[in-house]
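The primary structure of each chain is shown beneath.
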Amino acid sequence: MEKNIIIKTKNFNFYYGDVKALTDVNIKIEKNSVTGIIGPSGCGKSTFLRSLNLMNNLILSARYEGQIIIDGEDILHKDIDVVALRRRVGMVFQKSNPFPKTVFENVAYGLKINGITNRDFIDQKIEESLKGAALWEEVKDRLNVSAFDLSGGQQQRLCIARALAVEPEILLMDEPASALDPTATLKIEELIQELKKKYTIIIVTHNMQQAARVSDYTAFFMMGKLVEYNKTNIMFTNPENKITEDYITGRFG
Amino acid sequence: MTNRRNNITEKIGFGILTLCLIVVVLIIVVIFTNIIINGHSAISWDFITKAPTDGMTKGGIMPAIIGTFFVTVITAIFSIPLGMGCAIYLNEYATQNMFTRLIRISIRNLAGVPSIVYGLFGVMLFVEFMHLGTCILASGLTLSLMTLPMMITASEEALKNIPMSFREGSLALGATKWQAIRTNVLPYAIPGMLTGTILGLSRAAGETAPILFTGVAFYLPYLPKGLFDQFMALPYHLYIMATQHHDITLVRPLAYGTAMVLIVLVFMMNLGAIILRYRLRKNRKE
Numbered sequence: 081m082e083k084n085i086i087i088k089t090k091n092f093n094f095y096y097g098d099v100k101a102l103t104d105v106n107i108k109i110e111k112n113s114v115t116g117i118i119g120p121s122g123c124g125k126s127t128f129l130r131s132l133n134l135m136n137n138l139i140l141s142a143r144y145e146g147q148i149i150i151d152g153e154d155i156l157h158k159d160i161d162v163v164a165l166r167r168r169v170g171m172v173f174q175k176s177n178p179f180p181k182t183v184f185e186n187v188a189y190g191l192k193i194n195g196i197t198n199r200d201f202i203d204q205k206i207e208e209s210l211k212g213a214a215l216w217e218e219v220k221d222r223l224n225v226s227a228f229d230l231s232g233g234q235q236q237r238l239c240i241a242r243a244l245a246v247e248p249e250i251l252l253m254d255e256p257a258s259a260l261d262p263t264a265t266l267k268i269e270e271l272i273q274e275l276k277k278k279y280t281i282i283i284v285t286h287n288m289q290q291a292a293r294v295s296d297y298t299a300f301f302m303m304g305k306l307v308e309y310n311k312t313n314i315m316f317t318n319p320e321n322k323i324t325e326d327y328i329t330g331r332f333g
Numbered sequence: 014m015t016n017r018r019n020n021i022t023e024k025i026g027f028g029i030l031t032l033c034l035i036v037v038v039l040i041i042v043v044i045f046t047n048i049i050i051n052g053h054s055a056i057s058w059d060f061i062t063k064a065p066t067d068g069m070t071k072g073g074i075m076p077a078i079i080g081t082f083f084v085t086v087i088t089a090i091f092s093i094p095l096g097m098g099c100a101i102y103l104n105e106y107a108t109q110n111m112f113t114r115l116i117r118i119s120i121r122n123l124a125g126v127p128s129i130v131y132g133l134f135g136v137m138l139f140v141e142f143m144h145l146g147t148c149i150l151a152s153g154l155t156l157s158l159m160t161l162p163m164m165i166t167a168s169e170e171a172l173k174n175i176p177m178s179f180r181e182g183s184l185a186l187g188a189t190k191w192q193a194i195r196t197n198v199l200p201y202a203i204p205g206m207l208t209g210t211i212l213g214l215s216r217a218a219g220e221t222a223p224i225l226f227t228g229v230a231f232y233l234p235y236l237p238k239g240l241f242d243q244f245m246a247l248p249y250h251l252y253i254m255a256t257q258h259h260d261i262t263l264v265r266p267l268a269y270g271t272a273m274v275l276i277v278l279v280f281m282m283n284l285g286a287i288i289l290r291y292r293l294r295k296n297r298k299e
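Protein chains in written order, with this note's numbering: chain A, 81 to 333; chain B, 14 to 299.
Just so you know, these hints were derived from the structure itself, not from any lab.
Predicted model, so just to flag it, every value in this text is computed and none were measured.
A few of these clues could be false.
[As the list claims (entries may be wrong)] Below are the DSSO-like pairs computed for lysine-lysine, each with C-alpha atoms no more than 30 Å apart in a straight line:
#1 A:K90 with B:K190
#2 A:K175 with B:K173
#3 A:K100 with B:K173
#4 B:K238 with B:K71
#5 A:K305 with A:K100
#6 A:K158 with A:K108
#7 A:K278 with B:K190
#8 A:K181 with B:K295
#9 A:K175 with A:K305
#10 B:K173 with A:K192
#11 A:K108 with A:K88
[Said to hold, decoys possible] Ranges between beta-carbon positions, derived for each pair:
#12 B:R292 with A:S141: 36 to 46 Å
#13 A:V162 with B:G285: 56 to 66 Å
#14 A:I160 with B:N174: 50 to 60 Å
#15 A:R143 with B:K190: 17 to 27 Å
#16 A:D161 with B:N174: 48 to 58 Å
#17 B:L95 with A:K277: 31 to 41 Å
#18 A:F228 with B:A255: 51 to 61 Å
#19 B:G26 with A:D161: 57 to 67 Å
#20 B:N16 with A:F332: 58 to 68 Å
The beta carbon of each residue, even a glycine, is placed where N, CA and C say it ideally should be.
Next comes chain B alone, as it looks inside the complex:
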């Protein structure tokens, strides 16, 4: 009797979980189909290689692609070393006490701070206080701040997954702490650290709020030539096309096309992370 009841409970539980999965997958499928159906007509070689023309009702989005690419590169340059370094310190060197626990909790909470708050903070610190002005550097730095918590948390998890015996084994052979970390912890933690890092970067690439006040421009007739130039970016371009343009219905296909390009870009970054992780994992002999 109980056996029968267990079987039924099992089936109901399994059914509910399957339903959750179906709902999530369905949502993603709907979003993608919607974007592809509405945006595919806008996609052409000219669309990704030409600048917008005629009050942004024609032409392409090349400057926005370039801008998003470079602001992401700047973000990576600042956030990757800082994030990984911080994670290594927290997990390997810091003593575990009230203070470090407080730091860790703060970092986790920072990951949940709305991106507009980072945008405002970026204006205050980089644009105003440091006199960088609104430019691609200020935006990159603001995005770095925003992604850091996520990178630190993901990198620390990756380090935690490395068995203690790897560290003990090398220390027992007379390795210094840094030698043990460098030769016997990091090589195996890097794939995991990179995954978190690239996920953080792909999120940064798609953010609008942090770059809104710090450096992105609605339309520029030229490409950024240096760190102190303003730039165009895909998410902001999309925001303009979808909400601020004087003829929204006319440019709707262009907006969908931009969304498609942005999604493909982010998707490619994530794919890159997966391939990189796979290749690095192969170096580990198991």
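So here's chain A without its partners, still in its complex pose:
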């Protein structure tokens, strides 16, 4: 398993000013797997996710120590190229955030900022990405309508397509279905199963059933600590930790 590890953290600590948000997180994430991150509100799961593409660097009081190694490279090293990292580690946000542009422009955005101007290549890439996000059939005839004219579920899949267009290796998803209805949620979950063939997916979710359904591995965070991390089927049937069991069975959270 060791050589299939794409992300490895070593004693990762994270602070917002004086508040410690994550304590000594050690985790190894396997390539082409889906890892679900669960835990009560404020446990640090989103902070952890946003550390993996250095999105937390936008917060001024943020401080961290330890190591996060992605593809053998410590991304916390000061010489890291943040822009290149974010191209490799894509992100889908909790609240779908399409840009106020057309469907086409949204997906093309990542390509254009990378300096790609070849129209044929962009067209092809957009079809590919929209197909990858299971949205192509629904929007192929209206690529030039505003992204805001799509339904909520379509908007979120558009955001996934937008992330796929820049060909990341890793896809971070921060509660991608929390604002969607059950049908749209199901579509996203099916999509995740499809996507893991090509990408490594880490998904934060509030929804325990969702973690159980979609993820191969599950990490349970609590008060900034990684309490338990195991294969999902083991974690949900036979958790090692009493506190994990309490959380999974809904005794708190």
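Given the coordinates of chain A, assemble chain B onto it according to the supplied hints.
Just chain B, lined up with the frame of chain A:
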């Protein structure tokens, strides 16, 4: 019982607010009617296309219109890039600490500094220290200084209104900070920034004090031919006609006519801002 009382409070509150609105609208209506009634007889094609004659008791105000137009253009050239650049830096790049807070407070306070103070500062800096002399350039620069605080504050507000998710969304796709700002923040902030900017400019067009010592002239037989010439301007012309002329009652209609032209000019600039904003907003797909 309480329900009834709430209803009465509601009605009184609503009544007071409506009254405020009526008073404000009324004041504006009175000012406009006064100017139109007293000034419309002076307005003619000659009035806006001819220079003043006979000791400014006859003729038109064309040189003042031209002067105001060009001094406003100079103001725009200097203040728009500087103001927008400063707002972008403050809102997007600067770290939020004591120092930037101090800068921000200072800028807001500068917006409240009386315009005569800017006029005096302009004399000192541009006319004297930089040896520009009294000229249209010195006046334009002084007006730029005066409008900058307003432009920066308005532009920063416009940038603040752009959701954080637009920036995060592009950064997460591997955009550099400037790419994110240029492609996903500015296009949507520009309409708001322009509105503040043009409002600032229209205020500059109507100011007298900053140009008083720096370049405006009471009467010139020629039009300004370059940046270092003096010029005539509508607000100053109005000031002269209303207070300094040797026969104030005789030229009163001309003064009202000048006021009317100035108001129409400022009104047109504001209308331009609204149209521009509307057209730019349409580009944003919602």
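Quick rundown of the hints versus the structure:
1. The suggested pairing of K90 of chain A with K190 of chain B holds, with an alpha-carbon distance near 29 Å, which does not exceed 30 Å.
2. For the proposed pair K175 of chain A and K173 of chain B, the alpha carbon gap of about 19 Å is at most 30 Å, so the pair holds.
3. As the CA atoms of K100 of chain A and K173 of chain B are separated by approximately 29 Å, the hinted pair is consistent with the 30 Å bound.
4. Taken as a hint, the K238 of chain B and K71 of chain B pair is honoured in the structure, with Cα atoms around 24 Å apart against an allowance of 30 Å.
5. Distance hint between K305 of chain A and K100 of chain A is fulfilled; the C-alpha atoms sit about 10 Å from each other, no more than 30 Å.
6. This hinted pair checks out: K158 of chain A and K108 of chain A have alpha carbons roughly 22 Å apart, not beyond 30 Å.
7. With a CA separation close to 29 Å, the supplied pair K278 of chain A and K190 of chain B stays within the 30 Å bound.
8. Taken as a hint, the K181 of chain A and K295 of chain B pair is honoured in the structure, with Cα atoms around 11 Å apart against an allowance of 30 Å.
9. Our distance criterion of 30 Å between C-alpha atoms is met by K175 of chain A and K305 of chain A, whose separation comes to about 25 Å.
10. As the CA atoms of K173 of chain B and K192 of chain A are separated by approximately 25 Å, the hinted pair is consistent with the 30 Å bound.
11. For the given pair, K108 of chain A sits about 4 Å from K88 of chain A by alpha-carbon distance, which is consistent with the 30 Å threshold.
12. Between R292 of chain B and S141 of chain A the Cβ separation comes to about 41 Å, which falls inside the hinted range of 36 to 46 Å.
13. The supplied range of 56 to 66 Å is broken by V162 of chain A and G285 of chain B, whose beta-carbon atoms lie about 41 Å from each other.
14. The supplied range of 50 to 60 Å is broken by I160 of chain A and N174 of chain B, whose beta-carbon atoms lie about 32 Å from each other.
15. Take R143 of chain A and K190 of chain B: their Cβ atoms lie about 20 Å apart, and the range 17 to 27 Å holds.
16. Roughly 31 Å separates the CB atoms of D161 of chain A and N174 of chain B, a value that falls outside the hinted 48 to 58 Å.
17. Taking the beta carbon of each, L95 of chain B and K277 of chain A are about 53 Å apart, not inside 31 to 41 Å as hinted.
18. For the pair F228 of chain A and A255 of chain B, the beta carbons lie near 53 Å from each other, so the given range of 51 to 61 Å is met.
19. Hint check: G26 of chain B to D161 of chain A, Cβ distance near 58 Å, so the stated range 57 to 67 Å holds.
20. In this structure, N16 of chain B and F332 of chain A break the distance hint of 58 to 68 Å, their C-beta atoms being roughly 42 Å apart.
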